[in-house]
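There are 2 protein chains.
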Amino acid sequence: MARFDAVRATLDERGAAALAVVGDRSDPDLRYLAGFDGPDREYAVVVTRDAAVCCAPRLFERDARDAFPGRVATDEQGDPAGRRAAAALDDLGADGTVLTPRAIPHDAALYLEGAGHDVASTDAVAAARAIKTESEIERVRTVAAAAEAGIRRAAAVLGAATADGDRLRFEGAPLTTERLRRAVDAEMAGCGVDPAHNTVVGAGPSCADLHYRGDDPLRPGETILLDVSPRGPEGYHADCTRTFVVGGGGGWPRRAHVAAEMGMDAALAVLSAGAGEAASKVHTEAAAEIRAYGFPVDDGEVGFTHSIGHGVGLALHERPSTQGDAELTAGTVLTVEPGVYDPEEGGVRIEDLVVVRAEGYENLIDLPRSLDPAAYDPPDEG
Amino acid sequence: MARFDAVRATLDERGAAALAVVGDRSDPDLRYLAGFDGPDREYAVVVTRDAAVCCAPRLFERDARDAFPGRVATDEQGDPAGRRAAAALDDLGADGTVLTPRAIPHDAALYLEGAGHDVASTDAVAAARAIKTESEIERVRTVAAAAEAGIRRAAAVLGAATADGDRLRFEGAPLTTERLRRAVDAEMAGCGVDPAHNTVVGAGPSCADLHYRGDDPLRPGETILLDVSPRGPEGYHADCTRTFVVGGGGGWPRRAHVAAEMGMDAALAVLSAGAGEAASKVHTEAAAEIRAYGFPVDDGEVGFTHSIGHGVGLALHERPSTQGDAELTAGTVLTVEPGVYDPEEGGVRIEDLVVVRAEGYENLIDLPRSLDPAAYDPPDEG
Numbered sequence: 032m033a034r035f036d037a038v039r040a041t042l043d044e045r046g047a048a049a050l051a052v053v054g055d056r057s058d059p060d061l062r063y064l065a066g067f068d069g070p071d072r073e074y075a076v077v078v079t080r081d082a083a084v085c086c087a088p089r090l091f092e093r094d095a096r097d098a099f100p101g102r103v104a105t106d107e108q109g110d111p112a113g114r115r116a117a118a119a120l121d122d123l124g125a126d127g128t129v130l131t132p133r134a135i136p137h138d139a140a141l142y143l144e145g146a147g148h149d150v151a152s153t154d155a156v157a158a159a160r161a162i163k164t165e166s167e168i169e170r171v172r173t174v175a176a177a178a179e180a181g182i183r184r185a186a187a188v189l190g191a192a193t194a195d196g197d198r199l200r201f202e203g204a205p206l207t208t209e210r211l212r213r214a215v216d217a218e219m220a221g222c223g224v225d226p227a228h229n230t231v232v233g234a235g236p237s238c239a240d241l242h243y244r245g246d247d248p249l250r251p252g253e254t255i256l257l258d259v260s261p262r263g264p265e266g267y268h269a270d271c272t273r274t275f276v277v278g279g280g281g282g283w284p285r286r287a288h289v290a291a292e293m294g295m296d297a298a299l300a301v302l303s304a305g306a307g308e309a310a311s312k313v314h315t316e317a318a319a320e321i322r323a324y325g326f327p328v329d330d331g332e333v334g335f336t337h338s339i340g341h342g343v344g345l346a347l348h349e350r351p352s353t354q355g356d357a358e359l360t361a362g363t364v365l366t367v368e369p370g371v372y373d374p375e376e377g378g379v380r381i382e383d384l385v386v387v388r389a390e391g392y393e394n395l396i397d398l399p400r401s402l403d404p405a406a407y408d409p410p411d412e413g
Numbered sequence: 032m033a034r035f036d037a038v039r040a041t042l043d044e045r046g047a048a049a050l051a052v053v054g055d056r057s058d059p060d061l062r063y064l065a066g067f068d069g070p071d072r073e074y075a076v077v078v079t080r081d082a083a084v085c086c087a088p089r090l091f092e093r094d095a096r097d098a099f100p101g102r103v104a105t106d107e108q109g110d111p112a113g114r115r116a117a118a119a120l121d122d123l124g125a126d127g128t129v130l131t132p133r134a135i136p137h138d139a140a141l142y143l144e145g146a147g148h149d150v151a152s153t154d155a156v157a158a159a160r161a162i163k164t165e166s167e168i169e170r171v172r173t174v175a176a177a178a179e180a181g182i183r184r185a186a187a188v189l190g191a192a193t194a195d196g197d198r199l200r201f202e203g204a205p206l207t208t209e210r211l212r213r214a215v216d217a218e219m220a221g222c223g224v225d226p227a228h229n230t231v232v233g234a235g236p237s238c239a240d241l242h243y244r245g246d247d248p249l250r251p252g253e254t255i256l257l258d259v260s261p262r263g264p265e266g267y268h269a270d271c272t273r274t275f276v277v278g279g280g281g282g283w284p285r286r287a288h289v290a291a292e293m294g295m296d297a298a299l300a301v302l303s304a305g306a307g308e309a310a311s312k313v314h315t316e317a318a319a320e321i322r323a324y325g326f327p328v329d330d331g332e333v334g335f336t337h338s339i340g341h342g343v344g345l346a347l348h349e350r351p352s353t354q355g356d357a358e359l360t361a362g363t364v365l366t367v368e369p370g371v372y373d374p375e376e377g378g379v380r381i382e383d384l385v386v387v388r389a390e391g392y393e394n395l396i397d398l399p400r401s402l403d404p405a406a407y408d409p410p411d412e413g
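Note that the protein sequences, when read in sequence, are chains A and B. Residues in the first sequence are numbered from 32 upward in steps of one, following my numbering. Residues in the second sequence are numbered from 32 upward in steps of one, following my numbering.
None of these hints come from the bench; they were simulated from the model. Since the structure is predicted, the reported quantities are computational estimates derived from the model, not experimental observations. One or more of the hints may lead you astray.
Selected chain B positions facing chain A (in silico; Cβ < 10 angstroms) [as the list claims (entries may be wrong)]: (1) G54; (2) D68; (3) F91; (4) L141; (5) R213; (6) A217; (7) P226; (8) P248; (9) R250; (10) H348; (11) R388; (12) A389; (13) E393.
Here chain A is said to cover these stretches of chain B; the calculated rule only asks that three of the stretch's residues, wherever they fall, bring their Cβ under 8 angstroms from a Cβ of chain A [said to hold, decoys possible]: (14) 159 to 169; (15) 292 to 302; (16) 315 to 328.
Some chain A residues well away from chain B (every beta-carbon gap over 10 angstroms; in silico) [unchecked claim]: (17) Y63; (18) G66; (19) D94; (20) P136; (21) A214; (22) D225; (23) A306; (24) E316; (25) E390.
C-beta atoms are modelled at their ideal positions from N, C-alpha and C, and glycine is treated no differently.
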């Protein structure tokens, strides 16, 4: 089974007997190996060179049997999952070092040690997750389409909004970041994905707060930033950002948007080379372009203040980083998100989601980049 | 600070120097102590007898300073949160045993041990979480209102559905479990809560699968079971289930529904006594009533196959259990969810969410219990 190959190569390399992962449905390593969305209670997967066992909760036995390419054990349900993992390894006759992710529950590590194993950490599962198969990419693509629908819904709301003094109104009531978030989240949920509590809407100065969750009035002429990161039914995320201005975006918003667009173009130019490029080059080229447009980089709260992107998959933030020495690999799913911020002015970010290919890249986001909500109108039919 | 009182009592009782919790936003213990929704990366809270430190991610510094009643440390961001927790304890001069939840990340426990502490497990935070303050109950109440809106939306869709042979149609297209789930999730998201990937819709036989996620056609005369468990913006969940039949529910659905309703009445009669009753009595009284109506209890896949309820809060499933020897406490938030299943027939469950009070209980769910979607129509105004 492909998803166990990297684990087994690591067992060979480290001279280890097995890998054990214990967690709940919030653990992407466990989700990856199990192949199904488990419960909010602990379960476990163990992998040896020639076998794999999922110690599943009984309520999820059917899901486990459908999805897991190995034995499904539903005995000893009352025990902690770490103890069940140790028992599964005992059944398999695994003898020697057991590798685990560093953040395995402490009690699970103690059960494994108590059963006579040395426990040592590995990042083999996280490393395997960073390279997606075509079927994983297809799942991300489906979620990305729902993210696009969310952004288009925001554009439709903003396009229909009217100015009332220095506030925007929509359908007879004031428009705020929370109201816009609800409209967008409802649209995405209607597409079958979960907003996953990740939708960020900023208005003017709060656009510079990268995780803003408050409720601000929306105003004409100010930046309105929308970042959506829904999670699909199979556990994969997408990630997409657009920034809008209602009623004309001159001055700072326009300058910031041009810089972000040029940063995007520079980043995508690096990605055009496909696999083999240094991930950090995507960042440095975008940063150089943004700096050339007169905005500071990595200089506190003003300018381009974060990295150009991150991997996306079963976790919203996963490998690769664009700050270290990782190399782009075919099958990497990466955000490209140049942004320019100024807590006195607002913030502009444009974020696409791409797949690195052997040659070039594929952009999973098919949306305009414009500040103008009208640019997002669906094309005329017929 | 109230939320640290139980922790400090445990430190005294155990003769321990500190409590350390390390996790990410999926960890309800950490969410409880920190008071804010952190990122999908690790952070930490440490509590001693006279101080508390939140080792927060820099991006969430503002949230931490607003919500955390102690020091917020944003130094050494590159380090694992376990190492930062150990450094915070060193700054505080904490010397001795450090208590942690049993599932603290293993590497965090090793950092604490490496700093000279004995690490011992405690469930003090989970125990404290089980007793809600009025402000926590208010948050659950808000999420419960959104859950009700989701159920009412399903009833409206089903009430407008028409039979086409042995299938239901709605707005010109076949109605399925997935289509109904999307309509309900969109409604809840529009109310400002996250469906949290928890919405379960069953149709006929699949109602007997308690975590069914597939896509089945909806049919007249069959049970249609809807279980919603959204998560609110402050992290608290609600949990509510109703079962519908379109086009007359005689026969098995009617008998099962009467048994579930009688089980609900029996459970609520126990809860009328308020704090001090054994939680298990809520289960046994409901089970006895369901058995009296001719359905088996705890007998494989047919009849009342699960427990009557569970605590709800920052985790969807938390203390108390209705199976052990816990006593109901004022401030307990508990599901009451009698159900009757038969994989040959379908499944009926009715689930309310109650707060145990010193005298009696308060039901946070204000919905009819009927199988008939028309019973859920909003009351006429005026």
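Each hint, compared with the structure:
A cut of 10 angstroms between beta carbons decides the hint on G54 (chain B): the least distance to chain A is about 9 angstroms, and the hint holds. Contact between D68 (chain B) and chain A, as hinted, is supported at the beta carbon level, the nearest pair being about 7 angstroms apart and thus within 10 angstroms. Because the smallest distance between the Cβ of F91 (chain B) and any Cβ of chain A comes to about 6 angstroms, under 10 angstroms, the interface hint for this residue holds. A distance limit of 10 angstroms between C-beta atoms decides the matter here; for L141 (chain B) the minimum to chain A is near 9 angstroms, and the interface restraint holds.
A hinted interface residue such as R213 (chain B) counts as satisfied when its beta carbon comes closer than 10 angstroms to some beta carbon of chain A; here the least separation is about 5 angstroms, so the hint holds. Against a cut-off of 10 angstroms between C-beta atoms, the interface hint on A217 (chain B) holds, since the closest Cβ of chain A lies about 4 angstroms away. With its C-beta approaching chain A no nearer than about 6 angstroms, P226 (chain B) sits inside the 10 angstroms limit, and its interface hint holds. Violation of the interface hint for P248 (chain B) is found here, the shortest Cβ-Cβ separation to chain A being roughly 17 angstroms, above the 10 angstroms cut-off.
The closest approach between the C-beta of R250 (chain B) and any C-beta of chain A is roughly 21 angstroms, which is over the 10 angstroms cut-off, so the hint fails. Interface restraint check: H348 (chain B) against chain A, minimum CB-CB distance 6 angstroms, threshold 10 angstroms, status holds. With 10 angstroms as the threshold, the beta carbon of R388 (chain B) stays out of range of chain A, its nearest partner Cβ sitting at about 27 angstroms, so the hint is violated. Checking A389 (chain B) against chain A by beta carbon gives a least distance of about 30 angstroms; that is not within 10 angstroms, so the hint is violated.
The interface hint given for E393 (chain B) is broken, as the beta carbon of that residue sits about 25 angstroms from the closest beta carbon of chain A, more than 10 angstroms. Requiring three or more residues with a Cβ within less than 8 angstroms of a Cβ of chain A, the coverage given for the region 159 to 169 of chain B is violated, as only 0 such residues are present. Chain A is given as covering the region 292 to 302 of chain B, and this is violated because 0 residues of the stretch bring a CB closer than 8 angstroms to a CB of that chain, at least three being needed. With 0 residues having a Cβ less than 8 angstroms from any Cβ of chain A, the region 315 to 328 of chain B misses the three-residue criterion, and the hint is violated.
For Y63 (chain A), the shortest C-beta to C-beta distance to chain B comes to about 15 angstroms, beyond the 10 angstroms cut-off, and the non-interface label holds. With a least CB separation of 14 angstroms from chain B, G66 (chain A) remains clear of the 10 angstroms interface cut-off, as annotated. Against chain B, the non-interface label of D94 (chain A) is violated: not every CB pair exceeds 10 angstroms, the least being about 7 angstroms. The non-interface label for P136 (chain A) is inconsistent with chain B: the shortest C-beta to C-beta separation is roughly 4 angstroms, within 10 angstroms.
Look at A214 (chain A): its CB is around 7 angstroms from the nearest CB on chain B, not clear of 10 angstroms, so calling it non-interface is violated. Under the 10 angstroms C-beta cut-off, the non-interface status given to D225 (chain A) relative to chain B is violated; the minimum distance is some 5 angstroms. Chain B leaves A306 (chain A) outside its interface by the beta-carbon criterion, the shortest separation being 27 angstroms against a cut-off of 10 angstroms. No beta-carbon of chain B comes within 10 angstroms of the beta-carbon of E316 (chain A); the shortest separation is about 24 angstroms.
Remark: the non-interface label on E390 (chain A) is consistent with the geometry, its nearest Cβ contact in chain B lying 32 angstroms away (cut-off 10 angstroms).
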